[in-house]
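Sequence lines, in order, name chains A and B.
Under the working numbering, residues 822 to 1144 are what the first sequence spells out, in order.
Under the working numbering, residues 13 to 293 are what the second sequence spells out, in order.
Don't take each hint at face value.
[Unchecked claim] Simulated pairs of lysine-lysine, DSS-like, Cα-Cα distance not exceeding 25 Å:
hint: 1; chain 1: B; residue 1: Lys289; chain 2: A; residue 2: Lys896
hint: 2; chain 1: A; residue 1: Lys940; chain 2: A; residue 2: Lys953
hint: 3; chain 1: B; residue 1: Lys124; chain 2: A; residue 2: Lys966
hint: 4; chain 1: A; residue 1: Lys896; chain 2: B; residue 2: Lys124
hint: 5; chain 1: A; residue 1: Lys1059; chain 2: A; residue 2: Lys1109
hint: 6; chain 1: A; residue 1: Lys1109; chain 2: A; residue 2: Lys1071
hint: 7; chain 1: A; residue 1: Lys1071; chain 2: A; residue 2: Lys1059
hint: 8; chain 1: B; residue 1: Lys124; chain 2: B; residue 2: Lys289
hint: 9; chain 1: A; residue 1: Lys966; chain 2: A; residue 2: Lys953
[Unchecked claim] Okay, the calculated beta carbon distance ranges per label pair:
hint: 10; chain 1: B; residue 1: Trp58; chain 2: A; residue 2: Asp952; range: 23 to 31 Å
hint: 11; chain 1: B; residue 1: Leu140; chain 2: A; residue 2: Tyr1002; range: 34 to 42 Å
hint: 12; chain 1: A; residue 1: Gln1134; chain 2: B; residue 2: Ser41; range: 46 to 54 Å
hint: 13; chain 1: B; residue 1: Leu200; chain 2: A; residue 2: Arg897; range: 25 to 33 Å
hint: 14; chain 1: B; residue 1: Arg18; chain 2: A; residue 2: Val845; range: 28 to 36 Å
Bear in mind the hints are in silico, worked out from the structure with no lab data behind them.
Bear in mind that the values here come from a model prediction, so they are computed numbers and not experimental data.
Just so it is clear, CB atoms sit at the ideal spot from N, CA and C, and this is done for glycine as well.
For reference, the chains in residue letters:
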Amino acid sequence: MVKSFDDPNLVSIRGVSKRYGDLVAVDDVSLEICPGEIFALLGPNGAGKTTLIGCVTGLVADFEGEISVAGYDVKRDYRVTRRLIGLVPQELNYDAFFTVRQGLEFQGGYYGEWPSRAKVDGLLEAFSLGDKAEANSRWLSGGMKRRLMICKALMHDPVMLFLDEPTAGVDVELRDELWQYVRDLRDRGTTILLTTHYIEEAQKLADRVGIINRGRLVRVDARERLMREFGQRHVDVKLAGPVDKALLGKFEGLELSVIGDRVLRLVFHEQAEGEVRAAVTPLERLLKGLLEEEVGIEAIEGGQSSLEVIFRQLVQSDSREAK
Amino acid sequence: MSEEGRAPAAAAAAARVRIAELSERAQRSNYRGSWALFYKEILRFWRIAGQTVVSPVLTTMLYFLVFGFSLGARLQEIDGVPYIDFLVPGLVMLALISNAYMNSAFSLFITKIQGTIVDILVTPLSPLQILLGYVGAAIARAMLIGTIIWVVAMLMGASAWHNPLIIFVFMLLTALAFALLGLIVAILGRDFDHINLLPSFVIMPLTFLGGVFYSIAMLPSPWDRVSLFNPVLYMVNGLRYGMTGTSDVPIEQGLVLLVLLNVVFGVGAVWLLRSGKNLRE
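So here's chain A without its partners, still in its complex pose (with noise of 0.2 Å):
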């Protein structure tokens, strides 16, 4: 029979602190990750992310609290809690003595089964560094140096990735790329924690966000539920001629406004996924009123409250509170 996890939680923090000093670098933070989730920790620099990450995964050693990954601490069974984890580092790092190859298989080593010369070509495959297996890592480009950082990460297949900022400097094309191998590692039964600046990739990816502030976790929610709390849409509708104030009167019950003198601006809230349609959407009312009524549309333009916006709200409004 196959064996399987039962505890509802991978990664339990709780409670943990790490002072530096004065400095409270990480303050009393709860938190769990799920088996196969993608969660994605949002906060400016400097708010703690990747000490947080170096407290589970080693790197940081002396702080208050417990945590523990797989139902193992992982201060006292690090043994066990390191081999589940993988981890790449937001600090840019390579080995000039070695080739591409070379460091990939020591890595593979250091968990003690010395990877396969398939293995080392599927993961250099997937990662578009096929053609860099023999190259001195040193003469990589940044963005490869980077995705190295990413192979070197898996080749020990850990069941829990920590991924600090791992989109940094690599370009569009290789981002999307690396984010669907993302997914397509989640589906194969990885559970990933990523840091984040492109906090629209965390909108794309993430099943639950985080965000953390000044060392303190503000809010830990399902991505559809912060963005339905916070997030809106908007339709601005540029009108060929100026709005005639007795036109706003049809259309009660919609929050409009106008901008300007021939902008319209109809304001709705995100539908979440899943969420049953309404018969007539705003939208469609706004724009069915307008065309019986015969009035010149000019342009119609776009837009939402991304999570970045949702993160900068998040944010400010625990730093006011901190004053």
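Please arrange chain B on chain A, whose structure you already have, making use of the hints.
Structure of chain B alone, referenced to chain A:
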């Protein structure tokens, strides 16, 4: 479609199977991981063997040629041993000590500077396993260089083959001690100056004054007695006994000293690696 904030059920199920399977495998001991680190460290110095092996051998052989052949011919025998034979253990020890120290000190320190130390710190390697990888490779390099010098000296006419077991034990224990010391300095050091400080101001003077080129019996009082406080003297003389059968000091004292030094340095290095000082935050 997934429930809000939850991983897709298939991914969660796959994750749970993988976690259970890997948690079980993760219980195994990881000495093969230590072997991988050792192998990497061997390849590291071998890749630049010109600097790390050939150069120290050539430098030491120059000492041998200058002091042994040109000056040595004018020197009398020491304790009935021709000067050229007397010189071999001193020169072997000179190269052995500096290369054991340099290999572990520079290798670990460079990984700190490059940031690749992170790749090792996140692995399940225990402090002792990390130590074995670095120290093992440093010993291998030092023993290789020491052995080449010894063999080449004998091919050039020196006779230094009194007791191979004692030769091996003194070479191994000395290489271990200085490899451990190098590791400690690399952990504590914050820039390259710190790594060079000890060889320039402590190890080299103690080695040169430790009877590499002379017997302390040739020193005027009180320097012959002062020399007895130099630990390197006991290492050089232990090896000299193994190679020529003569020594200024009892070799038992050298053995005890080496064992003590290794225990102190070994405990210190493991403690530093375990505490994470200067490596982990």
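Status of the hints after comparison with the structure:
{"no.": "1", "hint": "Lys289/B / Lys896/A", "result": "15 Å, holds"}
{"no.": "2", "hint": "Lys940/A / Lys953/A", "result": "15 Å, holds"}
{"no.": "3", "hint": "Lys124/B / Lys966/A", "result": "18 Å, holds"}
{"no.": "4", "hint": "Lys896/A / Lys124/B", "result": "22 Å, holds"}
{"no.": "5", "hint": "Lys1059/A / Lys1109/A", "result": "15 Å, holds"}
{"no.": "6", "hint": "Lys1109/A / Lys1071/A", "result": "11 Å, holds"}
{"no.": "7", "hint": "Lys1071/A / Lys1059/A", "result": "18 Å, holds"}
{"no.": "8", "hint": "Lys124/B / Lys289/B", "result": "12 Å, holds"}
{"no.": "9", "hint": "Lys966/A / Lys953/A", "result": "11 Å, holds"}
{"no.": "10", "hint": "Trp58/B / Asp952/A: 23 to 31 Å", "result": "26 Å, holds"}
{"no.": "11", "hint": "Leu140/B / Tyr1002/A: 34 to 42 Å", "result": "36 Å, holds"}
{"no.": "12", "hint": "Gln1134/A / Ser41/B: 46 to 54 Å", "result": "50 Å, holds"}
{"no.": "13", "hint": "Leu200/B / Arg897/A: 25 to 33 Å", "result": "26 Å, holds"}
{"no.": "14", "hint": "Arg18/B / Val845/A: 28 to 36 Å", "result": "32 Å, holds"}
Checked against the numbered hints given earlier, the structure satisfies every one of them.
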